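Going down the list, the sequences are from chains A and B.
Residue numbers for the first sequence follow the numbering used here, beginning at 106 and rising by one.
Residue numbers for the second sequence follow the numbering used here, beginning at 106 and rising by one.
One thing to keep in mind: the hints can contain errors.
Copies of the same chain look alike in the list, so a pair counts if it works inside one copy or between any two.
[Said to hold, decoys possible] SDA-like mimics (lysine to any residue), calculated; alpha carbons at most 25 Å apart, straight line:
id, residue 1, residue 2
1, Lys290, Arg266
2, Lys220, Phe178
3, Lys290, Ser128
4, Lys147, Leu306
5, Lys108, Ala132
6, Lys173, Arg402
7, Lys401, Leu391
8, Lys504, Leu194
9, Lys314, Glu121
10, Lys220, Arg241
11, Lys404, Lys470
12, Lys507, Pro478
13, Lys108, Pro285
Bear in mind the hints are in silico, worked out from the structure with no lab data behind them.
Please read all numbers here as calculations on a predicted model, not as lab measurements.
Number of protein chains: 2
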Amino acid sequence: MAKTVALVGTLDTKGEEIDFLRSLILARGHRVIIADTGILGKPHLKADISRREIARAGGADIDILKEKGDEAFAQSIMAAGLKEIILSLVESKKIQGLLAIGGGQGSIIVAPTLKSLPFGFPKLLVSTKVTQAGARPFVGSKDVLILPPVADLAGINRLTRTILTNAAGAISGMVEIEQPEIEDKPLVVMSMNGTVTDCGLAVKAMLEKKGYEVLVFHTIGTGGEALEEYVKSNEVVGVIELGVNEITNELMGGLASSGPDRLTAAGKRGVPQIVVPGSADFINFLGPETVPPRYKRRKIHSHNPQATLVRTNVRENRILGKTIADKLNQARGPVVVLWPSKGLSTLDRKGRPFWDPEADMALLKALKRHLDPRIPLIESDAYINEPEFAQAVFMAFEKIGKES
Amino acid sequence: MAKTVALVGTLDTKGEEIDFLRSLILARGHRVIIADTGILGKPHLKADISRREIARAGGADIDILKEKGDEAFAQSIMAAGLKEIILSLVESKKIQGLLAIGGGQGSIIVAPTLKSLPFGFPKLLVSTKVTQAGARPFVGSKDVLILPPVADLAGINRLTRTILTNAAGAISGMVEIEQPEIEDKPLVVMSMNGTVTDCGLAVKAMLEKKGYEVLVFHTIGTGGEALEEYVKSNEVVGVIELGVNEITNELMGGLASSGPDRLTAAGKRGVPQIVVPGSADFINFLGPETVPPRYKRRKIHSHNPQATLVRTNVRENRILGKTIADKLNQARGPVVVLWPSKGLSTLDRKGRPFWDPEADMALLKALKRHLDPRIPLIESDAYINEPEFAQAVFMAFEKIGKES
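Required output: the full structure, derived from the provided sequences and hints.
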């Protein structure tokens, strides 16, 4: 069945490429809606959604944007307008996929749209910017296919032609393929990482045995962002947090932050939460050269060349405990906090490099001090990755589910 | 027509996902060849290319790799073996596309293969690693489609199912779509960036008018890498270098390096080269926080929030001049160096922030001193982005082409 693909780009500088992509997608039997995010130059071809419409949806007049000459402002207007128009087309099922191409400006304008499209919606960005500045500023925590075009998108030549043809093929294939039916199991969302894997997999297995489906997000920054985003917009019966390191990273300047809104979506929607302060013993960095000087004298663990962990101290864990408590106190649904007394990660255990009972105790005390009394804090005499602790998490989850 | 897709992953930890992808690609009417890059666990399904074969192609026995327990070594063996096997399948036209999925280990093992596949060959990587560590370690300067799977690839659930289905759709669409015929125009490769755009576009237009096709690479690190890679493996009648900043970055620790081999591929193949030391006036960094302390007191220009430029000084330009000369002296083909006396970039011109005749002169002197006398150095009394200078570049190119 024919589908409709939105093609997004600046028709002044990327008009030739958009025109080429359109012809390929039409040749596959699909329909195309072209959105022009250009601002200054003359469009190379006619858009279905003009820059004027986009600027208007963003709250401004395109002529005024041009005259004003404030590039950053114009980009933000076009970005907001594009997002509104595209999301409403998705909502009304008028488009089934989106293909955007961009240099710097084009990529910046389409970024908020890409970050807002639903998970699973076919979306592809061909951008010269993603290999240098990284993909995250443009795609956030979303499942955007990214294609670095290698050569400049400055006209059609034998290399860009081949690469754009692949992009057209990829978006066509995505809108054509049938998405499998989704079973209607109750869904649990879980956060996890390599230092709490045994706990996570054990809890997951117990939940699956009981007929739940479990979605796991890795607490490396984007994972937590995706978790929040997912919980915000999908039906979820419970959230189990086994890694709080993204919150530590946000507070302490680490490189695995999920922004200030981590640990809030479930609370806002009243979804039951089990929270284990797992992985509270470290701040994440990438290569050793990315560890700031202020942490050089801490205990440091090199997990692999792209993962260096810094031990949190008493002061930091106090702040972390208060922050977690403040977030959970806002929750509209039930919350239970579980505490594994014998260690918070594979590294934080007797005999392991980050074992530091004093720092852990500071976190526990801060939690006790700041948590709303209606939120139970259950202490377990186990290490986080022991089977008993996974059992305790599972039981707490079953109990909270029945009560809510 | 049915195509064959290579499916690559560790069949112990990602077997379920590979199996699911296989069923989708088969359902589209294509063939699948599965390569198992797993090392430790039991494969979830039978591979067409077993881990044993891959290890052997990499020069080791899989049982010994397992026993030895040296993860990094085992990964390097598997990576080398996979690359050899896949490239030979591509060579003999037995596969028309490659889809790889991976967590940390899987992504590291497939990276050298992805970096070696020809431009335009359909290749897609679903990896949990690319949003955190960046895509470049895994795809280099190649046109690899990258899909961040958002949730952990730890079993099939409603989210991974949707995302993997999109991946299967994308690779199917890419192998299905017909690549356009390539016209047989003589091909010129050019390096360029935003500070020498006027020169680049003017030269490009003159070349196109004469019947050449021009491929432009942006000198931001990956661009130069791609340029070298492209010149190495394709028929090119000439290379015009308008930006040498990637070499400066390699020498001075900037963030737009293309590695030590920049400015060598054309020379090795004897391809005629016109070299303009454009953009020699700066070292590239990303945000202002990425500028190392040693440069804090230099002239710094903030181009945009993700592009901060540091002015090169006399000492650095001497080193740069010698380095460029040493590289060009090795060239087996003809080389001409053109020097725009009135400025090397939009920033390095009278009245502009990086205008520094002394630093520029140091570069010119170093070039004169170290360049082989057989390499002409033509000084032009123009600024790099003036039409006269573009004309001079074009004329030098025509002349060198006739002589070679």
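Hint by hint, here is what the structure shows:
1. Proximity of Lys290 to Arg266 under the C-alpha cut-off of 25 Å is restricted to the inter-copy arrangement: shortest distance 14 Å between copies versus 45 Å within a copy.
2. For a Cα distance limit of 25 Å, the shortest separation of Lys220 from Phe178 inside one copy, 19 Å, qualifies, whereas the shortest one across copies, 38 Å, does not.
3. In this assembly of identical chains, Lys290 and Ser128 lie within 25 Å of each other by CA distance solely across copies; the values are 23 Å between and 42 Å within a copy.
4. In this assembly of identical chains, Lys147 and Leu306 lie within 25 Å of each other by CA distance solely across copies; the values are 18 Å between and 56 Å within a copy.
5. In this assembly of identical chains, the alpha carbons of Lys108 and Ala132 lie at most 25 Å apart whether taken from the same copy (12 Å) or from different copies (19 Å).
6. In this assembly of identical chains, Lys173 and Arg402 lie within 25 Å of each other by CA distance neither inside one copy nor across copies; the values are 51 Å within and 34 Å between.
7. For a Cα distance limit of 25 Å, the shortest separation of Lys401 from Leu391 qualifies both inside one copy, at 14 Å, and across copies, at 24 Å.
8. In the homo-oligomer, the alpha carbons of Lys504 and Leu194 never lie at most 25 Å apart, since the shortest distance is 42 Å inside one protomer and 55 Å across protomers.
9. Proximity of Lys314 to Glu121 under the C-alpha cut-off of 25 Å is restricted to the inter-copy arrangement: shortest distance 18 Å between copies versus 55 Å within a copy.
10. Taking the closest pair of Cα atoms, Lys220 and Arg241 come within 25 Å of each other both inside a single copy (10 Å) and across two copies (21 Å).
11. Taking CA atoms no more than 25 Å apart as the test, Lys404 paired with Lys470 passes inside one copy only; the shortest distance there is 22 Å, against 50 Å between copies.
12. For a Cα distance limit of 25 Å, the shortest separation of Lys507 from Pro478 inside one copy, 20 Å, qualifies, whereas the shortest one across copies, 86 Å, does not.
13. Proximity of Lys108 to Pro285 under the C-alpha cut-off of 25 Å is found in both arrangements, the shortest distances being 17 Å within a copy and 23 Å between copies.
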